[in-house]
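Here's the letter readout for the chains.
2 protein chains.
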Amino acid sequence: MTTGAQVVIERLLAGGVDVCFANPGTSEMHFVAALDSARDMRPVLCLFEGVATGAADGYARIAGRPAATLLHLGPGMANGLANLHNARRAFSPLVNVVGDHATYHKPLDAPLESDIEALADWAHGSVHRPASPADIGAAVDSAVQSATGEPGRVATIILPADFSWGPADSNPAVPQQQQAATAGMAVADVADLLRDRGGKALLLLGGPANTAAGLTAAARVTAATGARALVETFPARLARGRGVPHHDRLAYLGEQAAEQLSGTTDLVLVGARSPVTFFAYPGKPGDLVPPGASVHVLAPADLEKLADHLGAPPYVDSPPTAPTVPSGPLNPQNWAEVIAALLPERAIISDEANTSGLFLPAATAGAAPHDVLTLTGGAIGQGLPVAVGAAVAAPDRPVIALQADGSALYTISALWTMAREQLDVTVVILNNHAYAILQLELQRVGTSATGEQSRSLLDLSRPDIDFASIAQGFGVPATRAGTAEELAEQFRAALAEPGPHLIDAVVPAWSAG
Amino acid sequence: MTTGAQVVIERLLAGGVDVCFANPGTSEMHFVAALDSARDMRPVLCLFEGVATGAADGYARIAGRPAATLLHLGPGMANGLANLHNARRAFSPLVNVVGDHATYHKPLDAPLESDIEALADWAHGSVHRPASPADIGAAVDSAVQSATGEPGRVATIILPADFSWGPADSNPAVPQQQQAATAGMAVADVADLLRDRGGKALLLLGGPANTAAGLTAAARVTAATGARALVETFPARLARGRGVPHHDRLAYLGEQAAEQLSGTTDLVLVGARSPVTFFAYPGKPGDLVPPGASVHVLAPADLEKLADHLGAPPYVDSPPTAPTVPSGPLNPQNWAEVIAALLPERAIISDEANTSGLFLPAATAGAAPHDVLTLTGGAIGQGLPVAVGAAVAAPDRPVIALQADGSALYTISALWTMAREQLDVTVVILNNHAYAILQLELQRVGTSATGEQSRSLLDLSRPDIDFASIAQGFGVPATRAGTAEELAEQFRAALAEPGPHLIDAVVPAWSAG
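Chains P and A, in that order, give the protein sequences. Counting with my numbering, you get residues 1 to 513 for the letters of the first sequence. Counting with my numbering, you get residues 1 to 513 for the letters of the second sequence.
If you're looking for bench data, these hints aren't it; they were derived computationally from the structure. Quick caveat: nothing in here was measured; it's all calculated off a predicted structure. C-beta: ideal position from N, C-alpha, C; glycine also. Each hint can be trusted.
Partial list, derived from the structure: chain A residues whose beta carbon lies under 8 angstroms from chain P:
id, residue
1, Ser27
2, Val32
3, Pro43
4, Leu81
5, His105
6, Pro111
7, Leu119
8, Tyr410
9, Gly475
DSS-like cross-link-like pairs, simulated, lysine-lysine; straight-line CA separation at most 25 angstroms:
id, chain 1, residue 1, chain 2, residue 2
10, A, Lys284, P, Lys106
11, P, Lys305, P, Lys200
12, A, Lys200, A, Lys284
13, A, Lys305, A, Lys200
14, P, Lys284, P, Lys200
15, A, Lys106, P, Lys284
Using the sequences and the hints, build the whole thing.
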């Protein structure tokens with residue numbers, strides 16, 4: 001007999017999904033058992049669902065195809081929601097398999113019963129609940145197709161336990177047509193526009209435009225027309241370093257972003273969304289499109305055609321000087337220079353450095369070629385799980401997780417999965433003993449925290465958190481660095497040895513002055 | 001000027017809510033700042049939202065009134081959902097304050113934008129979003145009233161950032177009428193029923209019936225009528241130990257529960273829900289009401305009246321012999337005996353021992369009087385946060401968290417809040433290096449995991465997790481125990497010293513065969 005759980009795995013494999021980041025429970029036990037007869041599916045145990053969903057996001061950003069997650073009913077999916085939110089904002093293809101109570105058990109409102117569809121809807125994902133055991137194969141196929149459409153998205157298969165353990169038909173469903181990619185303005189029209197507007201036109205690059213090829217084409221276009229280009233604030237994946245043209249990113253702080261965009265009469269979105277501020281602030285605009293400016297759309301696939309149409313010469317790389325290792329006590333700038341100087345070729349950076357990362361883009365512009373994965377949806381606790389997924393997707397590439405202390409704790413058990421799978425991840429904790437971004441934001445929203453009560457909610461001292469001790473508890477070798485020299489030595493050693501390492505880098509909080 | 005945030009705090013205090021378990025972000029900064037002018041509101045920083053919501057649940061179970069949480073938009077609430085699910089199943093009163101984008105920023109779909117109401121609905125809670133700044137006071141008042149109704153529930157105030165920072169009217173709203181408590185059968189009719197059916201009638205005790213007074217009245221009723229009584233499987237709060245009559249709990253395993261209920265013709269629910277199994281299993285019933293049995297309802301408030309109406313004599317305590325400290329390597333039984341033997345008077349046990357806790361109820365029946373808080377909704381990761389909340393609610397009572405290893409990791413940063421607040425909590429990790437409950441459940445759902453792939457998802461070794469190292473990283477003193485003597489010595493020492501302690505007790509997984 002073929003069980004429903006076996007059909008799910010068969011159809012996932014047929015759809016090219018062969019990694020499953022899992023945190024199962026009772027309702028998923030038949031899926032777990034079915035893994036023994038499906039050696040091509042790699043199960044990766046995560047100790048919290050937010051690690052599983054974040055890892056699937058990181059996997060998708062690097063592999064360009066979906067991983068599955070295995071989650072336990074509504075509460076399990078709830079624990080994974082924040083990183084599904086980030087995955088949604090990254091347009092990452094991702095297939096959740098969520099076990100549910102047996103169909104006849106569901107009306108009894110047993111303790112773990114809840115509305116799983118509502119959670120999947122919250123993440124703006126597609127929901128695929130088979131109506132009968134015969135429908136399981138089609139549900140899985142449609143979920144994989146939905147996830148891998150253009151753009152990628154979060155698809156959720158809800159699998160009742162009785163369907164999972166009962167007999168099911170493994171016949172594949174008829175594949176549906178792939179959706180066409182988003183169309184944009186005609187290349188010739190964009191060429192005319194950019195020639196006409198010059199420096200008053202601005203390309204905002206996002207999604208597929210942030211590959212080395214896209215960024216190179218954008219550099220040719222700007223060189224040929226005088227138009228400007230910026231990369232979106234939080235790219236899902238951004239090519240960087242020597243050989244890749246550097247474009248500034250649109251700033252996180254609305255005031256700075258407004259300044260970058262000022263004077264623009266024509267904004268051309270190339271895979272990016274129209275820019276808005278992260279938060280509202282009293283008396284400041286939230287929509288960053290300059291008043292009176294026109295907004296246009298160019299399909300990312302047309303960027304190279306545009307460069308060719310313009311007759312733009314090939315891009316010639318003139319990278320900034322490669323950084324050198326600095327010295328002295330760590331500060332918000334020199335730690336980034338250490339990383340940049342020692343960054344290995346083809347590294348993947350999972351960047352959740354937050355306020356500590358202010359000087360990172362400038363430092364790494366002349367570093368070895370690498371990819372950067374950023375916090376797309378603002379839901380903190382993404383960095384370590386995304387590093388797990390990236391390392392599973394690219395076992396031959398070094399992964400560097402640059403991780404703010406406060407955010408690290410949301411999904412800290414990701415360290416254990418790094419140890420279990422012996423992933424080649426070097427975690428650098430930027431430990432400023434504070435929710436430093438909130439100390440900054442407090443001023444920006446026009447208030448202050450001068451009292452003991454409010455300050456107690458923004459600092460992470462009393463007691464200080466010892467990340468090296470925590471990492472060792474999860475089986476990850478760890479050290480602490482207080483100077484640039486120590487960080488350099490420990491970073492070199494971590495890169496030289498296979499498997500995960502953590503460096504607790506004590507970096508004072510950045511201060512505007 | 002009085003800001004909206006200040007009005008929220010004022011009205012919470014007016015409603016008796018004076019503790020706030022907080023994990024704020026930018027949209028909550030004015031609430032944070034407003035705390036400095038509201039010294040009566042105690043802010044407690046949690047490093048993950050699931051800790052905040054679980055702590056508020058634990059606080060409510062002990063204090064009998066709601067705490068507030070402070071959560072950051074939809075993703076922050078999402079991180080807190082699993083423990084809101086448990087709080088909902090515990091009928092705990094709880095008031096979430098969730099910051100939202102400014103009203104005019106919300107339509108821009110900024111990165112952290114999501115449907116907060118959908119999350120509050122998922123937890124079956126009431127939602128209170130003020131329509132204008134003038135409406136803030138009324139929204140808070142109605143939230144507190146909703147939370148503290150009969151039964152208690154999760155109420156969520158959604159506070160747009162511009163309402164929070166703008167001027168608002170602090171006039172209190174007119175209080176609404178409290179809902180009446182659930183009515184049940186007339187006392188005289190229940191008395192007749194129990195006299196008539198004798199041992200074929202069974203009282204299922206839940207909610208308010210699980211106080212010492214309720215359990216005592218139930219013991220008088222069963223003594224007078226021959227009827228039987230059981231406590232619900234996962235009580236929110238259960239009085240236990242010397243001076244309190246012991247009633248067996250309805251078993252978690254459906255087979256055992258069915259045996260306990262067999263022969264029952266009349267089931268009387270006293271504050272409990274009609275019993276169903278936690279999960280469905282192939283070929284086994286999910287509804288535990290014996291076929292043909294009638295189900296009746298008695299209001300918990302009427303339990304003592306029923307005992308008096310029956311002319312039942314006063315309860316005379318004859319507790320089991322107090323346990324003594326055992327010796328030898330730790331096993332699933334003797335660790336529970338150590339705790340029972342050394343349990344201090346008026347202790348609060350937060351019980352998420354799961355499979356390791358099988359022998360705990362028998363061991364503690366003759367222990368010092370105490371309260372037990374159990375995993376009401378099955379969403380693991382409740383135990384440590386609930387211990388935080390209980391300790392904040394009752395600073396004069398020792399709190400003991402009996403915590404399974406796998407479940408501990410979902411909300412492990414609760415340890416830091418114990419250290420920050422110097423809470424008198426002794427955490428005992430029952431470390432069997434496995435998701436032991438899943439190894440059990442795998443057999444029960446009629447399948448097996450004999451292969452490497454499936455077994456890798458059920459064991460927590462490779463590498464073993466060192467909870468003492470993790471606890472020290474969070475600032476909690478920690479030790480490891482391998483024998484009953486070591487556990488006893490370390491447990492005594494932890495109880496003798498103020499502040500939190502963790503004992504990593506290495507207890508082999510229980511095995512049925």
